[in-house]
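We have chain A; now place chain H onto it with these hints.
Below, each chain spelled out in residue letters.
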Amino acid sequence: MLTAAKNQLRVCFLSIKYNIMREMVNKVTFLTNVVFMVLNDASILVQWFILFRLRDDVGGYSLREVLMLWGLVAASFGLSNILFARVLSLPDLIINGKLDAFLVQPKKVLLGVLTSETRISAIGDLLYGVILVCLCKPGVGGFFLFLLFVIMGALAFTAFALLLGSLSFWFVRMDILQNQMLMGMINFGTYPDGIFQGDARVLLYLLMPVGMALWQPAHVMACFDGKMFLAVLGYVLLLSVAAVAVFYRGLRRYASGNLMEARL
Amino acid sequence: MQAIKVENLSKTFRVKRKEKGMRGSVKAIFHPQTEEIRAVNGISFSVKEGEMLAFIGPNGAGKSTTIKMLTGILYPDGGRVEVLGIDPTKKRKQLAYRIGTVFGQKEQLWTHLTPYDNFRFFGAIYDLSEQETEERIVELAERFELSGFIDTPVRNLSLGQRIRCEIVASLLHKPKVLFLDEPTIGLDPVVKENVRELIRQMNREEQTTIFLTSHDVGDIEKLCQRIIIVNDGQIVLDDSVDHLKHHYLEKKDISLEDIIVEIYKAQGEG
Numbered sequence: 000m001l002t003a004a005k006n007q008l009r010v011c012f013l014s015i016k017y018n019i020m021r022e023m024v025n026k027v028t029f030l031t032n033v034v035f036m037v038l039n040d041a042s043i044l045v046q047w048f049i050l051f052r053l054r055d056d057v058g059g060y061s062l063r064e065v066l067m068l069w070g071l072v073a074a075s076f077g078l079s080n081i082l083f084a085r086v087l088s089l090p091d092l093i094i095n096g097k098l099d100a101f102l103v104q105p106k107k108v109l110l111g112v113l114t115s116e117t118r119i120s121a122i123g124d125l126l127y128g129v130i131l132v133c134l135c136k137p138g139v140g141g142f143f144l145f146l147l148f149v150i151m152g153a154l155a156f157t158a159f160a161l162l163l164g165s166l167s168f169w170f171v172r173m174d175i176l177q178n179q180m181l182m183g184m185i186n187f188g189t190y191p192d193g194i195f196q197g198d199a200r201v202l203l204y205l206l207m208p209v210g211m212a213l214w215q216p217a218h219v220m221a222c223f224d225g226k227m228f229l230a231v232l233g234y235v236l237l238l239s240v241a242a243v244a245v246f247y248r249g250l251r252r253y254a255s256g257n258l259m260e261a262r263l
Numbered sequence: 000m001q002a003i004k005v006e007n008l009s010k011t012f013r014v015k016r017k018e019k020g021m022r023g024s025v026k027a028i029f030h031p032q033t034e035e036i037r038a039v040n041g042i043s044f045s046v047k048e049g050e051m052l053a054f055i056g057p058n059g060a061g062k063s064t065t066i067k068m069l070t071g072i073l074y075p076d077g078g079r080v081e082v083l084g085i086d087p088t089k090k091r092k093q094l095a096y097r098i099g100t101v102f103g104q105k106e107q108l109w110t111h112l113t114p115y116d117n118f119r120f121f122g123a124i125y126d127l128s129e130q131e132t133e134e135r136i137v138e139l140a141e142r143f144e145l146s147g148f149i150d151t152p153v154r155n156l157s158l159g160q161r162i163r164c165e166i167v168a169s170l171l172h173k174p175k176v177l178f179l180d181e182p183t184i185g186l187d188p189v190v191k192e193n194v195r196e197l198i199r200q201m202n203r204e205e206q207t208t209i210f211l212t213s214h215d216v217g218d219i220e221k222l223c224q225r226i227i228i229v230n231d232g233q234i235v236l237d238d239s240v241d242h243l244k245h246h247y248l249e250k251k252d253i254s255l256e257d258i259i260v261e262i263y264k265a266q267g268e269g
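Line by line, the protein sequences are chains A and H.
For the first sequence, numbering that gives the first Met the number 0 gives the first residue as 0, with consecutive numbering after it.
For the second sequence, numbering that gives the first Met the number 0 gives the first residue as 0, with consecutive numbering after it.
Extracted from the complex, chain A is given alone in its bound form (with noise of 0.2 Å):
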């Protein structure tokens, strides 16, 4: 048992640092697409300098934690893009009968999909998040903190996406609904929670995983609650065995294909 899953992170570890070394083969287009991303993501940053210029608190968040917030969304997803990336190719994969490879190997089907692409531009997204936090000073328990809510971030962002790609094993054209619901987790997710009440606060929670995975950890770096990190701990478990529960029932529906491909 322990070995199989030695063995299998083995396999998982390789298929990253292959993914890796493919970028890496073009230095230029490497260091670009890093940097290009740390620049893109902290140019958003300077309409926040220019709101708290203006007024003290935004929602009841300070620009501290807005950079917090901002730090823990980028660096979530960023790790999230580089381990799993091909989670946001899910549905291509499935309709297209792309999954064959992955089945006849004596290997977890799920892990060896995820791993199998990493974004190099999300490696910009995660340094930006780490560098924000650095600049918050945090402290060495706060950081600690943030690193195991990125790490939490980085599953609920797969898992989210895990879920709404696997329904194409079911339905059509799921990538577009994938794609906005993670879009929009990341644009409500760099809000702060304040600014959100009523319905739209009820939806954040309940339909898109922003405020257990995004606001409520910001929340426990700001202020350390024990039971809410552990309801945040908690919610993520859930979300993700929920994703690996519908990916493997559907994978039951898989059809394969017959389309000419090359595994690239």
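It is possible that part of the hints are untrue.
Quick list of simulated restraints, FRET-style, between CB atoms [what the hints assert, rightly or not]: (1) A:91 with H:89: 24 to 32 Å; (2) H:89 with A:8: 39 to 47 Å; (3) A:19 with H:245: 52 to 60 Å; (4) H:188 with A:237: 54 to 62 Å; (5) A:256 with H:89: 19 to 27 Å.
Derived by calculation from the structure, the hints in this document are not laboratory data.
Even glycine gets a Cβ: it sits at the ideal position worked out from N, Cα and C.
Okay, now just chain H, sitting in the frame of chain A:
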């Protein structure tokens, strides 16, 4: 002993249907219509260990669907499958350690990596130690004559070199059964002959059971002892290649290709 045992295997796909034009598209939103297509319809057969079997049929006959159910890619709707005594629907991973697959139309190798790096990755997938992987790469690279391009990225290889690498990748873990789905598609006659010789050699030396689907009669004639022809998801002929040739050639002077075309046509008319 039987390497593959199939009983009443069936698979149905549900396919969407829509009337022509924009009107049909709008109508399909409110009244979606689907049609059931029986890709495999209650087939039964078995394959002995070490046997080389050609599983052929016209396009859409159900060959690939069957091979995909045997390898655990697709779930059957009905019937039973056992490959090396393992049910692919229940123990897909366990089975994957003991079988190899080559899909001529679908690349399993990572095109940006060299064949060597690919083999190392496949070694890890099959839980081989670094030493075991190295030894097996050396052995197979020599047998399949890969030394000239083993360090060239797969995307820069010719089709023939790539197919040889695909076969090597599928053999690293010494599978007992090898599923070959059109392995010689698009290859020139010389490369085809090389690939066939390598498959023959592997069957001879490692007693690997070969389950082959191909539209190339040369593959069947030069590799297989037995032939199963499927059409419309059903087995229409299960015979030895020698007997088939003998039976038909007694009547008229035709090639195996003509015989197969005649059988396809007879089934189509029937």
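Going through the hints against the structure:
no. : hint                         : result
1   : A:91 with H:89: 24 to 32 Å   : 29 Å, holds
2   : H:89 with A:8: 39 to 47 Å    : 25 Å, violated
3   : A:19 with H:245: 52 to 60 Å  : 59 Å, holds
4   : H:188 with A:237: 54 to 62 Å : 59 Å, holds
5   : A:256 with H:89: 19 to 27 Å  : 24 Å, holds
Of the hints listed earlier, the one the structure fails to meet is number 2.
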